[in-house]
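A.B. asks: Letter by letter, the chains look like this.
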Amino acid sequence: MKNTNLKAALLSALVFVVLVAVWHLATMTTATPASATGMTPEQIEYARMLGKDPTAGAEQKGAGFPTPAQMAATIGKQLSNPFYDNGPNDKGIAIQLGWSLLRVGSGFLLACVVALPLGFLIGMSPLFHKALDPFIQVLKPISPLAWMPLALYTIKDSSASGIFVIFICSIWPMLLNTAFGVASVKREWLNVASTLEVKPLRKAFRVILPAAAPTILTGMRISMGIAWLVIVAAEMLVGGTGIGYFLWNEWNNLSLTNVIFAILVIGVVGMALDLSFAAIQKKVTYVE
Amino acid sequence: MSSDTLLSIEGLSKSYVAHRPVFADVSFTLERGEFVCIIGHSGCGKTTILNALAGLDTASTGHIFMDGREVAGPSLERGVVFQGHALMPWLTVRRNIAFAVESRWPQWSRAQVNEQVEKFVTLVGLAPAIDKKPSQLSGGMKQRVGIARAFAIQPKMLLLDEPFGALDALTRGTIQDELMTIVRQTRQTVFMITHDVDEAILLADRILLMHNGVDTPTGYRPGGVAEVVVNPLPRERTRAGLHHLDAYYPLRNDIVDFLVGHAH
Chain X
3 MKNTNLKAAL LSALVFVVLV AVWHLATMTT ATPASATGMT PEQIEYARML GKDPTAGAEQ
63 KGAGFPTPAQ MAATIGKQLS NPFYDNGPND KGIAIQLGWS LLRVGSGFLL ACVVALPLGF
123 LIGMSPLFHK ALDPFIQVLK PISPLAWMPL ALYTIKDSSA SGIFVIFICS IWPMLLNTAF
183 GVASVKREWL NVASTLEVKP LRKAFRVILP AAAPTILTGM RISMGIAWLV IVAAEMLVGG
243 TGIGYFLWNE WNNLSLTNVI FAILVIGVVG MALDLSFAAI QKKVTYVE
Chain P
807 MSSDTLLSIE GLSKSYVAHR PVFADVSFTL ERGEFVCIIG HSGCGKTTIL NALAGLDTAS
867 TGHIFMDGRE VAGPSLERGV VFQGHALMPW LTVRRNIAFA VESRWPQWSR AQVNEQVEKF
927 VTLVGLAPAI DKKPSQLSGG MKQRVGIARA FAIQPKMLLL DEPFGALDAL TRGTIQDELM
987 TIVRQTRQTV FMITHDVDEA ILLADRILLM HNGVDTPTGY RPGGVAEVVV NPLPRERTRA
1047 GLHHLDAYYP LRNDIVDFLV GHAH
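Those sequence lines, one after another, are chains X and P.
Per this note's numbering, the first sequence starts with residue 3, numbered consecutively.
Per this note's numbering, the second sequence starts with residue 807, numbered consecutively.
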């Protein structure tokens, strides 16, 4: 087991090195200096007068796709000062990330508040299950971003609309999993609770909730994954702040290193969110 | 009804299909401190009767009275040991039993609950495993916890739904002995389903023999209690000495003959 882990880690490192090497080789050819384009000093001077600095340009942007070295420099620069705030279009990565996490967190919490009790109701009552099922089936497949215009029109606030979109996308997996988990609580545990004359609320919290918790947590984990996918798109759309807006803004700046940096950050944070839910899931899972 | 009657069942029947009740006209009583076993083939409605006594199921017709009051729903007065132990896997043995004890006496302090839990866990010999989860226990140990849980709420009567059905013969024997000891000590009234004739002879004061519903040339005859056998063996019988008692084999033959004769 330990041996496998070590081997896997080594292999991962190898894959990483190979990827970076391929990247390096692929970008090396295009990164040939543009200054040696055979311009005469007069031509260079003329270009400078027009506001185009061929030599500086070559250093700054390279010629197209960034090299791994440029990438590393950008990552170092961004991470060394993550909290700066130079106005609306220039904020540190931590601030942008903070905004995104705040929106995801609020939307997700709102979804929990609605989905968990409603899921309990649907799971426990076949009547409600049948009655609400058509609504759920129609609403569930709608892309969360399709709600954006409606949200912007009614809420009139871009940040709150982002939260609403997160809410609407994270509610479904949570609702369905809660309902399923509650409905499939073993009959015998409920019988035990009945013979002990356990009051409904105590039964819900002490028997049904722990019994359904692993299923509910699975739903929450899926919801969180979707929410993190959607927040990037939502912030690209509404703008202002957040990691999605940062990404789009850096595309407009044609700063590919920052775009790649944002992509990496989205991936790492998404993984961290998923891992934290996996840890909670492990805590509530029981062996029968 | 004598003054010592704890439970009386009158004209119980259950139909899932109209006019073809699984059993009909089942009437019997349970005296205080009595151990009654019910034997019958699968599908004759034993579990339905037990569930009706527990209040988990309702009979189609008939009434069940306990201490003169009609049984309407589950109650802490009737402890149930389920066929599949029905322990909550996310709780330790201690918490499983504490859950029952807290339900019975909500006003008790934590120390009181704990004392009660430990007393009954010790009674079934599981003190060393008290803080383990059910998944870490063997089948026999789990069933012991189920029995401890039912006893810990000190109900007026115990209902056992084939509690040892899933256990191997050796474990079953040990737990039967334990159960008998506890029941004798606490003078518990017990109603138990079993498939095992020897188990019934060892434990029961009276044995109810049930037959299945059958189609006869004159029409459908629903199942019911065909015979009530009073156990003639002395109450101090043991599992090891059972087959040395004179009355053992005639009794056993009687019951086996009945079961074979009604094997449809």
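Source of the hints: derived by calculation from the structure; they are not laboratory data.
The beta-carbon is built from N, C-alpha and C at its ideal position, and this holds for glycine as well.
Take these hints with a grain of salt, some might be off.
As the list claims (entries may be wrong) - These stretches of chain X come out as covered by chain P in the derived footprint (C-beta under 8 angstroms, 3 or more residues):
(1) 183–197
(2) 206–215
Stated by the list, open to error - DSS-like, lysine-lysine: derived pairs with alpha carbons at most 27 angstroms apart:
(3) LYS201(X) / LYS4(X)
(4) LYS925(P) / LYS9(X)
(5) LYS201(X) / LYS925(P)
As the list claims (entries may be wrong) - Computed Cβ-Cβ distance ranges for the label pairs, DEER-style:
(6) ALA280(X) / TYR1026(P): 53 to 61 angstroms
(7) HIS1001(P) / THR287(X): 49 to 57 angstroms
(8) ALA280(X) / ASP937(P): 22 to 30 angstroms
(9) VAL19(X) / ALA972(P): 53 to 61 angstroms
(10) LEU134(X) / ARG1041(P): 24 to 32 angstroms
A.B. asks: Decide, hint by hint, whether the structure agrees.
C.D. replies: Hints and how they fare:
no.	hint	result
1	183–197	holds (count 7)
2	206–215	holds (count 5)
3	LYS201(X) / LYS4(X)	violated (48 angstroms)
4	LYS925(P) / LYS9(X)	violated (52 angstroms)
5	LYS201(X) / LYS925(P)	holds (26 angstroms)
6	ALA280(X) / TYR1026(P): 53 to 61 angstroms	holds (58 angstroms)
7	HIS1001(P) / THR287(X): 49 to 57 angstroms	violated (35 angstroms)
8	ALA280(X) / ASP937(P): 22 to 30 angstroms	holds (26 angstroms)
9	VAL19(X) / ALA972(P): 53 to 61 angstroms	holds (56 angstroms)
10	LEU134(X) / ARG1041(P): 24 to 32 angstroms	violated (59 angstroms)
Taken one by one, the earlier hints fail for this structure at numbers 3, 4, 7, 10, listed in ascending order.
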